[in-house]
Amino acid sequence: MFPYERSLVEKWQDEPFALIGVNTDPPQRLSKYVKNGTITWRNFRDEKVGGPISSRWDIVGWPTIYLLDHKGIIRHVGQAKEDLDKTLARLIKEAKED
Amino acid sequence: MTTRLAFAIMALLIGVAFGDGVAEANKLISQSRQNDVEAMAVLDLVAGNLKEEGVTQVIEWVIENGYAQERKKVGDLIWSLPKNDQLMVKYVQTLSFYGERKQLEAVIKKLPNGNVNQKARFRLALLVAEDAQRDLTLTDTQRAKENQSVVSILDKLRKEDDLDELLQRWIKDLRYKVTHLVVGCEAPEIEGVDQDGKKFRLSDYRGKVVLLPFWGIW
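Protein chains in written order, with this note's numbering: chain A, 29 to 126; chain B, 3 to 220.
Please note that a few of the clues may not be correct.
Straight-line alpha carbon distances no greater than 25 Å define the calculated SDA-like cross-link-like pairs of lysine to any residue that follow [claimed, not checked]:
hint, chain 1, residue 1, chain 2, residue 2
1, B, K179, B, K200
2, B, K75, B, P114
3, A, K99, B, R177
4, B, K112, B, G77
5, B, K210, A, D97
6, B, K201, A, D42
7, B, K210, A, L47
8, B, K201, A, G78
9, B, K85, B, E102
Some chain B residues close to chain A (C-beta under 10 Å, calculated; not the full set) [unchecked claim]:
hint, residue
10, I31
11, Y100
12, V184
13, S205
It should be emphasised that the hints constitute simulated quantities derived from the structure, not laboratory data.
Heads up, the beta-carbon is just placed ideally off N, CA and C, and yes, glycines get one too.
All chains, please: the whole structure from these sequences, using the hints.
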């Protein structure tokens, strides 16, 4: 599970980039996946579908992906799995040039 | 099995005996659980006499189960039915769900005030907001313009003093969404704990590009 996400974390580890999840699983389950190496990024615990963070962000489909630039501006919102490499590369370049 | 067959035959006989549009329509609807019934055929059965008792329920079924062509025809017929806000709200809701913007605008024009009009305007705002979010061909400027038009529909609407509570909440939520959670907005702060129970904030990562998936394993 999540090979693409893990590859992003690895690929951009020395760049101004972070993958931060908002996870809707019970904490024990999340910990299990962190311990066995499936999850290699930091997460906010939201603990359940419709948890406080997902509600505040009005998330109605999972997974929903937000992409923020280095100033914290929302630059992309996506529902499905999609190739974000190009967009990420462009935003990271922007961050480094700023 | 035999009982079901007997009922089916009975229904058929009743329908034929009275030659009544609503009975025929309901017969087709009851079959739809087994096969696909063409919603247009159901609609055609009642279109000739909209005064018949039970027509409203048939139209409601067509709204729920029809395609674009049936919705279009319902749009022509619905104004000849006795006034029924509940049916109109269902129609408006369905139009919004399927992105039928022109028909939604037609309802707003034909019903210039009242609860259905307010709901229709809210639904139009929702539809514009969703289209703007989904349409990847829009530039950031075009998207911002669409979101601005959502805000202006909502701002006009929320000033009206006869809004019901549900609408007030919907308006507030959608307005928050298009002014805080769409492309071009500054992301709302998140304060929480990570998998190790350590407190942190989303804004700790300013200066970095952040990919923020909302996810779970089920």
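Status of the hints after comparison with the structure:
1. For the proposed pair B:K179 and B:K200, the alpha carbon gap of about 28 Å is over 25 Å, so the pair is violated.
2. Restraint check for B:K75 and B:P114: satisfied, since their Cα atoms lie roughly 21 Å apart, inside the 25 Å limit.
3. Of the pairs offered as hints, the one joining A:K99 and B:R177 holds, with about 23 Å between alpha carbons and a cut-off of 25 Å not exceeded.
4. Between B:K112 and B:G77 the alpha-carbon distance is near 11 Å, which keeps this suggested pair within the 25 Å criterion.
5. Straight-line distance between C-alpha atoms of B:K210 and A:D97 comes to about 7 Å, which keeps the hinted pair within the 25 Å bound.
6. Using a Cα cut-off of 25 Å, the hinted pair B:K201 and A:D42 holds, with the two alpha carbons roughly 24 Å apart.
7. Only pairs whose Cα atoms come within 25 Å are accepted, and B:K210 paired with A:L47 is accepted, the gap being roughly 10 Å.
8. Using a Cα cut-off of 25 Å, the hinted pair B:K201 and A:G78 holds, with the two alpha carbons roughly 20 Å apart.
9. Taken as a hint, the B:K85 and B:E102 pair is honoured in the structure, with Cα atoms around 22 Å apart against an allowance of 25 Å.
10. Against a cut-off of 10 Å between C-beta atoms, the interface hint on B:I31 is violated, since the closest Cβ of chain A lies about 31 Å away.
11. The closest approach between the C-beta of B:Y100 and any C-beta of chain A is roughly 17 Å, which is over the 10 Å cut-off, so the hint fails.
12. Taken as an interface hint, B:V184 checks out: its beta carbon lies about 7 Å from the nearest beta carbon of chain A, inside 10 Å.
13. Interface hint status for B:S205: upheld, as the beta-carbon distance to the closest one in chain A is roughly 7 Å, under 10 Å.
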